[in-house]
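Peer 1: The sequence shown begins at 29 in the numbering used here and counts up by one.
It is worth saying that the hints were derived from the structure and are not from the lab.
Computed from a predicted model, the values in this text were never measured in an experiment.
Check the hints yourself; a few may be wrong.
Stated by the list, open to error - Below, simulated DSSO-like cross-link-like pairs (lysine-lysine); rule was C-alpha separation at most 27 Å, straight line:
| no. | residue 1 | residue 2 |
| --- | --- | --- |
| 1 | K109 | K41 |
| 2 | K176 | K126 |
| 3 | K124 | K109 |
| 4 | K176 | K124 |
| 5 | K101 | K176 |
| 6 | K176 | K41 |
| 7 | K41 | K124 |
| 8 | K41 | K126 |
As the list claims (entries may be wrong) - Beta-carbon label-pair distances, calculated as ranges:
| no. | residue 1 | residue 2 | range |
| --- | --- | --- | --- |
| 9 | G61 | N88 | 29 to 35 Å |
| 10 | R143 | E172 | 40 to 46 Å |
| 11 | L80 | L169 | 15 to 21 Å |
| 12 | C115 | Q145 | 27 to 33 Å |
| 13 | P105 | N57 | 21 to 27 Å |
| 14 | K109 | Q145 | 30 to 36 Å |
| 15 | Q66 | E150 | 19 to 25 Å |
| 16 | P105 | R142 | 44 to 50 Å |
| 17 | Q87 | A174 | 24 to 30 Å |
Ideal Cβ positions, reconstructed from N, Cα and C, are used throughout, including at glycine.
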Amino acid sequence: MRINEIGELLRSKNAALQEYLRALDTALNQTRGGSYEQCRRALNALRELCGLLEQEAWQNFRVEETVLYPLLKQRCPELRKSLGRLCEEHEIILQKLKEFRAELVHFNANGESRRVQPLGEELASLLRCHGSHEADEILPLLQEYAEKSQ
Numbered sequence: 029m030r031i032n033e034i035g036e037l038l039r040s041k042n043a044a045l046q047e048y049l050r051a052l053d054t055a056l057n058q059t060r061g062g063s064y065e066q067c068r069r070a071l072n073a074l075r076e077l078c079g080l081l082e083q084e085a086w087q088n089f090r091v092e093e094t095v096l097y098p099l100l101k102q103r104c105p106e107l108r109k110s111l112g113r114l115c116e117e118h119e120i121i122l123q124k125l126k127e128f129r130a131e132l133v134h135f136n137a138n139g140e141s142r143r144v145q146p147l148g149e150e151l152a153s154l155l156r157c158h159g160s161h162e163a164d165e166i167l168p169l170l171q172e173y174a175e176k177s178q
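Using the sequences provided together with the hints, build the complete structure.
Peer 2: Next up, the structure:
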């Protein structure tokens with residue numbers, strides 16, 4: 029895999045992440061102050077979205093950690109520290125997704141949304157930060173490396 033291809037892969041993953049974040053924000057906003065039915069529909073959308081995010085995150089993080097990051101460490105050693113931090117973020121995000129899912133299950137069982145809002149907002153913030161770290165730290169160095177390699 030060439031450096032340009034790695035950069036394109038990261039850009040496309042970040043674009044997909046932005047779509048998930050818009051859907052997450054929309055559903056979280058719909059849980060506030062509306063009718064019970066609106067809140068129930070929003071929480072159903074959040075459950076579905078949480079499942080998709082868990083699946084996508086697990087698959088993407090696995091590919092990043094087993095294929096992409098080792099390749100980047102080899103070709104761009106100056107990225108080691110940033111890549112290590114991104115791996116740590118993966119663990120935190122996956123844990124937060126589990127907590128969020130548990131909270132959504134609690135609502136399903138009890139009809140109380142307890143901490144759905146703050147956990148969802150925290151999850152969205154973690155995902156945004158992770159995407160920003162990739163875009164702000166990894167992509168510029170990949171671009172620079174690709175230009176030097178030509």
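Peer 1: For each hint given before, does the structure comply? Return the numbers of the non-compliant ones in rising order.
Peer 2: Hints 2, 4, 11 and 13 are the ones this structure does not satisfy, whereas the remaining hints hold.
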